[in-house]
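Participant: Given chain A's structure and the hints, the job is docking chain B onto it.
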Amino acid sequence: MLRAHLRRSLQNVALLSQRRSFAATTKLLNNASVNVAQTTSDEPGRSNKSLWGSTDRFTNELKFMQQIESLKAYRVMDHTGTVLDPEHDPNLPREEVLKCYKSMVLLHTMDGILYDAQRQGRISFYMTHYGEEAMIGTAAALKPEDVVFGQYREAFMLVYRGFTLDEFLNQCFSNELDYGKGRQMPVHYGSKKLNFQTISSPLGTQIPQASGAAYALKLSGANACTLCFFGEGAASEGDFHAGLNMAATLKCPTIFFCRNNGFAISTPSSEQYKGDGIASRGIGYGIDTIRVDGNDIWAIYNATKVAREIAVKEQRPVLIEAMTYRIGHHSTSDDSTKYRDRKEVEERAQFDNPITRLRRYIEAKNWWSPQEEEEYRKSVKKEILKAFSAAEKRKKPAIKHLFTDVYDDLTPNLVRQQNELNELIKKYPEYYNTDDFASS
Amino acid sequence: MFCLKRAIKHSSAFKPLIARTYAATSKGIDGIQEGVAYSNLLKRDPDEAFRSPELAHMSANNSGTTKMNLFQAVNDAMSIALTTDDKAVVFGEDVSFGGVFRATSGLAEQFGRDRVFNTPLTEQGIAGFAIGMAAVGHTAIAEIQFADYIFPAFDQIVNEAAKFRYRSGNQFNVGGLTIRSPSSAVGHGGHYHSQSPEAFFTHCPGLKIVTPRSPIQAKGLLLASIRDRNPVIFFEPKILYRAAVEEVPVGDYELPLGKAEILKKGTDVTIVGYGSQIYALENAIQLAEKRLPGISCELIDLRTIMPWDVDTVVESVKKTGRLVIAHEAPKTGGVAAEVASTVMEHCFLNLEAPIQRVCGWDTPFPLAFEKFYVPSMVRCYDAIKTAMEY
Chain A
1 MLRAHLRRSL QNVALLSQRR SFAATTKLLN NASVNVAQTT SDEPGRSNKS LWGSTDRFTN
61 ELKFMQQIES LKAYRVMDHT GTVLDPEHDP NLPREEVLKC YKSMVLLHTM DGILYDAQRQ
121 GRISFYMTHY GEEAMIGTAA ALKPEDVVFG QYREAFMLVY RGFTLDEFLN QCFSNELDYG
181 KGRQMPVHYG SKKLNFQTIS SPLGTQIPQA SGAAYALKLS GANACTLCFF GEGAASEGDF
241 HAGLNMAATL KCPTIFFCRN NGFAISTPSS EQYKGDGIAS RGIGYGIDTI RVDGNDIWAI
301 YNATKVAREI AVKEQRPVLI EAMTYRIGHH STSDDSTKYR DRKEVEERAQ FDNPITRLRR
361 YIEAKNWWSP QEEEEYRKSV KKEILKAFSA AEKRKKPAIK HLFTDVYDDL TPNLVRQQNE
421 LNELIKKYPE YYNTDDFASS
Chain B
1 MFCLKRAIKH SSAFKPLIAR TYAATSKGID GIQEGVAYSN LLKRDPDEAF RSPELAHMSA
61 NNSGTTKMNL FQAVNDAMSI ALTTDDKAVV FGEDVSFGGV FRATSGLAEQ FGRDRVFNTP
121 LTEQGIAGFA IGMAAVGHTA IAEIQFADYI FPAFDQIVNE AAKFRYRSGN QFNVGGLTIR
181 SPSSAVGHGG HYHSQSPEAF FTHCPGLKIV TPRSPIQAKG LLLASIRDRN PVIFFEPKIL
241 YRAAVEEVPV GDYELPLGKA EILKKGTDVT IVGYGSQIYA LENAIQLAEK RLPGISCELI
301 DLRTIMPWDV DTVVESVKKT GRLVIAHEAP KTGGVAAEVA STVMEHCFLN LEAPIQRVCG
361 WDTPFPLAFE KFYVPSMVRC YDAIKTAMEY
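Protein chains in written order, with full-length UniProt numbering: chain A, 1 to 440; chain B, 1 to 390.
Keep in mind that a hint or two might mislead.
Sample of chain B residues with no beta-carbon within 10 Å of chain A, all distances over it, derived [said to hold, decoys possible]:
{"#": "1", "residue": "Ile131"}
{"#": "2", "residue": "Asn159"}
{"#": "3", "residue": "Ser296"}
{"#": "4", "residue": "Phe348"}
Sample of chain B residues at the chain A side, in silico, Cβ under 10 Å [as the list claims (entries may be wrong)]:
{"#": "5", "residue": "Phe91"}
{"#": "6", "residue": "Pro120"}
{"#": "7", "residue": "Gln124"}
{"#": "8", "residue": "Ala127"}
{"#": "9", "residue": "His138"}
{"#": "10", "residue": "Pro152"}
{"#": "11", "residue": "Arg165"}
{"#": "12", "residue": "Phe172"}
{"#": "13", "residue": "Val245"}
{"#": "14", "residue": "Asp311"}
Listed below are the simulated DSS-like cross-link pairs for lysine-lysine, each with C-alpha atoms no more than 25 Å apart in a straight line [stated by the list, open to error]:
{"#": "15", "chain 1": "B", "residue 1": "Lys87", "chain 2": "A", "residue 2": "Lys143"}
{"#": "16", "chain 1": "A", "residue 1": "Lys192", "chain 2": "B", "residue 2": "Lys87"}
{"#": "17", "chain 1": "A", "residue 1": "Lys396", "chain 2": "A", "residue 2": "Lys99"}
{"#": "18", "chain 1": "A", "residue 1": "Lys102", "chain 2": "A", "residue 2": "Lys396"}
{"#": "19", "chain 1": "A", "residue 1": "Lys193", "chain 2": "B", "residue 2": "Lys87"}
I should point out that these hints are in silico values taken from the structure, not numbers from a laboratory.
Backbone N, C-alpha and C fix where the C-beta goes; we use that ideal spot for every residue, glycine too.
Extracted from the complex, chain A is given alone in its bound form:
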């Protein structure tokens, strides 16, 4: 029932867009009363000739088009956690809802501790998720076999899928247990077993990759999709255009998920684009598109769930734009008070906080009490600190891993260079202290 409803509204968006683009069509048809075969955009093997050979593609009206009205964001519950239309409440069981809530609180707590740790110089870099914790709704709507491509502010996906605190902290401390062998900056997580492709810094590169991976899933007959996260700033990269256009033309089962949080470092979205956000572009690529309230976990959950159905069953891409607000600084290398009002940030954090919203929802169901809240926060903090000090004490990876994995095997030039470094380490032990590194 709900799915059907959501599908209808998605189709309405598509219909609306068609009406907009071809506003003159009906009029012309009425006037000229020509009988031409309708060519739908999905018709296979169509050529430009068949599209433009018929008179219904022309108008006497000289009219340039612009955005007519802004797409509205789909919302299930308001900022007080009240569900607006009960039919849209996904009504997940208590354990599932509490899993989401606890994951959000855990992420929030870990963000606080690791942000402070960077400030004390104990890790080199960090990026928080403040204000975007509701995105965990995507994780709840996916299946474990779905492959995730992220940008960098998507640790919620890993928390939900069961990445352990040790695994997070080992990566941030670049220690010998880090899966990435200490090679990448903190927060560049990856997990083969959780189907989470390793994060890289270059923005937008993961977008066409997610399309390609989705095409591969389609070919191999897997009942799975890819989900690709990116911010509204990254959507200005050429790879966004490439990735969406390729996914649409090659019918790739992928969900493009844009976190539109209003800022790309210091650049407000008003300096990022002039159109109606990112969602309006999806329609231009012929991709089913929806805009959602990014602080509403159930709106995100519902949209992702339907999107997954479209992607997997109908083998084509979907675009979701989640409207939110980046409450934290861009990263530990950024002081956002230099370009935006601290008061505005505080108001947003207070008035429309995704964690508070879900807490009110579970409190209203009598599934959660202030005591449980306090106890959980305490225990989770304790666990994080425990993992923190364990990770901090561990050795760095063995120095040989500077050279491994460039290729599947060491190439002759790398063998020579590794020997050269080993000789240097032997020759200048007072300069190259290796005590902190694991032995090979």
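Facilitator: Leaving out everything else, chain B in the frame of chain A:
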């Protein structure tokens, strides 16, 4: 740039011009017939095809040969790759109807449009899409229509493909990725249908760069590249697509990556090149051995430009004491600089003359002046002479 690209690719003018410039030159200097059409390096006899130790085992298997030019050999390699690997796909701009150089002819019909398909016109998209397929274990054989247009994909290739395995601690890799691209001079390609961009990529750890000199080499090296567990860029000298014809083994075979091949043994000077430049070097050697009686040149085809076969080249120079390196790409920052400095490190006491680099000039690739730009037979001969007379 794409408009021109589109306009030129359908032009049938390439063929006669190739012939005019490279194949059919009348007996020029000292009666030497220049060009691939007269090359002694091509295997025109079926028995000859198996004469190299690398292919001897095929002869034992009673594998036959077929006369193929380079685009047909590339096509044959992809056909075998698609047959032997269910997860292999071939895609790029215009590959579905057979490709603008015919390298993918018949593949879509044979293997289906899901496995051999056109993409929208976006090089960064093609590279990113291929990386994504390889990242989940598929074999992606992507085509960039001309090497000149690989630069929009530079970020995906250098920052993503090359670092995929390293940055994930070997949790993920794109070993199934191969990017094929026609490269190098073609007689009248101007700025954007002539470039040899290999050196840009040799500076990037994580990539393998391969370029063949002939149909037999193209088939074996391409199959090895497709099956190698690292991302490989495979540059096909487009001037050889039709001009180079050999008896190519019909079976499934691979030639080793990272191994140079000594094409001619010699004792006085080592000559190193790759791709279509090999034929200019062959002619230069003929001229040198004619004009400087008694000298003997050793000719080496690098084949893999990254990681290149240092041992074979160093061993040769230790014997000859002299080195000439030639490539079409501009001199400054070119592959020859890397080879020269490495050989200098390893062979300092053996060198009897300064290492000679014969390269394209440090200019964009010019249209009307192509003959004066390329490291032709005469320029290569002059470098050999300089090395010998030093």
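Participant: Output the numbers, in ascending order, of every earlier hint that fails for this structure.
Facilitator: Going through the list in order, the structure violates hints 1, 2, 13, 17 and 18 and respects the others.
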